[in-house]
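Asks: Sequence lines, in order, name chains A and B. Heads up: the first sequence at position 257 corresponds to 257 in my numbering, and the numbers run straight through without jumps. Heads up: the second sequence at position 262 corresponds to 584 in my numbering, and the numbers run straight through without jumps.
Please keep in mind that the hints were generated in silico from the structure rather than gathered at the bench. Because the structure is a prediction, the values reported are computed rather than measured. From the three backbone atoms N, C-alpha and C, an ideal C-beta is built for every residue, glycine too. The reader is advised that the hints may include incorrect statements.
Quick list of the computed label-pair ranges, beta carbon to beta carbon [what the hints assert, rightly or not]:
| # | chain 1 | residue 1 | chain 2 | residue 2 | range |
| --- | --- | --- | --- | --- | --- |
| 1 | B | 629 | A | 285 | 33 to 41 Å |
| 2 | A | 304 | B | 577 | 55 to 63 Å |
| 3 | B | 653 | A | 126 | 28 to 36 Å |
| 4 | B | 650 | A | 126 | 52 to 60 Å |
| 5 | A | 285 | B | 357 | 40 to 48 Å |
| 6 | B | 361 | A | 272 | 28 to 36 Å |
| 7 | B | 607 | A | 73 | 46 to 54 Å |
| 8 | A | 285 | B | 577 | 24 to 32 Å |
| 9 | A | 46 | B | 554 | 23 to 31 Å |
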Amino acid sequence: MARMTYAEAARQAIAEAMRADPRVWCVGEDLGRGGVFGQYRGLAEEFGPERVSDAPISEAAIMGAAFGAAMVGTRPVVEMRFADFALCATDELVNQIAKARFMFGGQSRAPMVIRQPMGMWRSSAAQHSQSLEAWYAHIPGLVVAVPATPQDNYSMMRAAIAADDPVVYLEHKDLWAMEGEVDPAAPFAFGQARHRCQGDDITIVAWSKTANHAEEAAGILAAEGIGAHVIDLRSLWPWDRAAVLESVGRTGRLLVAHEAVQVAGFGAEVVAAVTERAFGALKAPPRRLGAPRTLIPYAPNLEERLRVTPRMIADAAREMLA
Amino acid sequence: MRETNRDIGRSLALLTMMERIRAFERQAELAATRDRLVLGAIHLSYGQEAVAAGVMHALRRDDLLLSTHRGHGHTLAKGADPAAMMKELLGRAGGCCGGKGGSMHIADFGVGMLGANGVVAANITIGAGAAHGIRLLGDDRIVVDIFGDGAINRGPFLEGLNWAAVFSLPVLFVCEDNEWSATTRTARMTAGAGAAARARAIGIEAETVDGADVEAVADLAAELVARVRRDRRPAFLHARTWRAGGHTYFDPAAYRDSAEAEARAREGDPIERQRARLAAAGIAAAELDAIRAGAMAEMEAALAAAAAAPFPPAAAAFSDVQDIGSPAGEAY
Ligand SMILES: Cc1ncc(C[n+]2csc(CCOP(=O)(O)OP(=O)(O)O)c2C)c(N)n1
Chain A
1 MARMTYAEAA RQAIAEAMRA DPRVWCVGED LGRGGVFGQY RGLAEEFGPE RVSDAPISEA
61 AIMGAAFGAA MVGTRPVVEM RFADFALCAT DELVNQIAKA RFMFGGQSRA PMVIRQPMGM
121 WRSSAAQHSQ SLEAWYAHIP GLVVAVPATP QDNYSMMRAA IAADDPVVYL EHKDLWAMEG
181 EVDPAAPFAF GQARHRCQGD DITIVAWSKT ANHAEEAAGI LAAEGIGAHV IDLRSLWPWD
241 RAAVLESVGR TGRLLVAHEA VQVAGFGAEV VAAVTERAFG ALKAPPRRLG APRTLIPYAP
301 NLEERLRVTP RMIADAAREM LA
Chain B
323 MRETNRDIGR SLALLTMMER IRAFERQAEL AATRDRLVLG AIHLSYGQEA VAAGVMHALR
383 RDDLLLSTHR GHGHTLAKGA DPAAMMKELL GRAGGCCGGK GGSMHIADFG VGMLGANGVV
443 AANITIGAGA AHGIRLLGDD RIVVDIFGDG AINRGPFLEG LNWAAVFSLP VLFVCEDNEW
503 SATTRTARMT AGAGAAARAR AIGIEAETVD GADVEAVADL AAELVARVRR DRRPAFLHAR
563 TWRAGGHTYF DPAAYRDSAE AEARAREGDP IERQRARLAA AGIAAAELDA IRAGAMAEME
623 AALAAAAAAP FPPAAAAFSD VQDIGSPAGE AY
């Protein structure tokens, strides 16, 4: 057990994986100086510039070349700098990486971690703030990771590097400095949710930074005598539908909260799955809380207007129980 | 005559490979038009066989190849089994991709063929990356990354060539310049002096060759492959060729002047040129005809085997997608 930040947890996970396996390497813009958020600090010094490689500002080539290198047996960790820039490499990720194994009849693998720092953070505005996790959950072939805590950023990064599948790894920029205890031996499997807190009155499903908000909301609700079961999905494909169904079976109420635009967000998938499979258990219509379908603004008051806050989650839960 | 100094064995091997490619594609075309057994679009390389035969002749079996939607010839010349390829075109079990890829995604990793690609230019960065992987692994293989003249107008051309140059990667880029991008003349949509000039602007040595002359292609490819393998840095081969047929097998190419197209196809037919060269070097017509007949018989057998093969089992639609969250377990 050690106390560390969310950024440091992933950094340690990568360093350990690189020590254990010479095929693991990192590539992206400005990695030599430690990455734009310092999330690679010290790695170039330890492993050298070949294994912690700077790259030209060529997102398509970073993604495509890392894929080519993965096909011949290396295990790249690909840095996209901001999730928004990964859109410059959409063909490489969606048409090539996600499909190659299937199209080629199982002849190839793409053991890659595709790091995409996402989310609203300090007035980064419309092109540096998006949460596009639902896009990737829609693409067969990809694993989608959305860690919310230092512990999970450690465990999930280790698991992502160990995976033979391409893992879209979405870290929330607002969590880099979050501190927490990390147990390197803690078990983790993709598709297994973390139960943040137990309760029998309502099920709140969230992930990434919003899972932390949901836990905070549960604290507010607990003080009022309302028991919220908060489920942090941690990965959106695969996702822990069984845990959600089990919980809603007990509580009869489902609230899903996420930072991404609510319309066609992954919350819609969670609500649909529960409605299809556990309609009879529902005591109230399920509810979603996400961003309005508008663009992320620069001015802090406008940016704040789009956020899903702990208070909003608590308010929605209360309304559902009324 | 220069030819008499050449290795006649190599010349015959090059002819044989070109005849096999053409015969394969004739059978594929028949399977599409006569038998209606080919399901999707196929892009034939009639007239371009010398590029495939000449370049692949310079490679070792463990060298790697990435190719395009027009990749049957490259794949066959890299050593793939034509019956497995034909099964793939027909979407059958036993196809090189299990019937799941088809013509545009043909691949045979066993012979270093890492895939054709349905997205123009996408293989350029991936091929550079395969060479990057080789560099990290530290062995002496090289990569050949083939694309058409139309591909030089997509971003991955710039990104992939720059990547290969700055990381000093062992990759030979081959631009198979048939002057057409689907139904558009590439020159009309391309500024500047073309593929080789663009490569040179990035600092990559580039050579142009008459892609109808298989000996010239093989000579230049051998030289460039040796250079790439020795110096561990990229090179660029620009092969001028001509697409004798339509863009796809069902494209009559009505958009181009048929007299010009036919004349170019006739003059630039690499197989007829090589036959003439070998005849002049004293090879009997009967021997040359036997090569053609052998190729035809081989590919007829490949088509027969493919037509007799079953379709893949239904479970294959759910296999080889991903280990974690596999649709074989949960797909809805
Ligand atoms: C990104 C992308 N855009 C368009 C297409 C449709 N398309 C398929 S082949 C082709 C022409 C490509 O020309 P070129 O690269 O010269 O290759 P050739 O067909 O001549 O072999 C086009 C436009 C595609 N497959 N991918």
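Asks: Given the hint of 52 to 60 Å, is the C-beta distance from residue 650 of chain B to residue 126 of chain A inside that range or not?
Replies: At roughly 39 Å between Cβ atoms, residue 126 of chain A and residue 650 of chain B fall outside 52 to 60 Å, so the hint is violated.
Asks: Lying within 23 to 31 Å: is that true of the beta-carbon distance residue 46 of chain A to residue 554 of chain B?
Replies: Given range 23 to 31 Å: holds, Cβ gap about 25 Å.
Asks: Between residue 607 of chain B and residue 73 of chain A, is the Cβ distance one that fits in 46 to 54 Å?
Replies: holds, 48 Å
Asks: Within 28 to 36 Å: is that where the Cβ-Cβ distance between residue 653 of chain B and residue 126 of chain A falls?
Replies: holds, 35 Å
Asks: Does the Cβ-Cβ separation between residue 361 of chain B and residue 272 of chain A fall within 28 to 36 Å?
Replies: holds, 33 Å
Asks: Is it true that residue 285 of chain A and residue 357 of chain B lie within 40 to 48 Å of each other by Cβ?
Replies: 56 Å Cβ-Cβ, so the 40 to 48 Å window is violated.
Asks: Okay, residue 285 of chain A versus residue 577 of chain B on CB: inside 24 to 32 Å?
Replies: violated, 57 Å
Asks: Tell me if the beta carbons of residue 304 of chain A and residue 577 of chain B are separated by a distance inside 55 to 63 Å.
Replies: holds, 57 Å
Asks: Between residue 629 of chain B and residue 285 of chain A, does the beta-carbon spacing fit 33 to 41 Å?
Replies: violated, 56 Å
Checked against the numbered hints above, the structure breaks hints 1, 4, 5, 8 and satisfies the rest.
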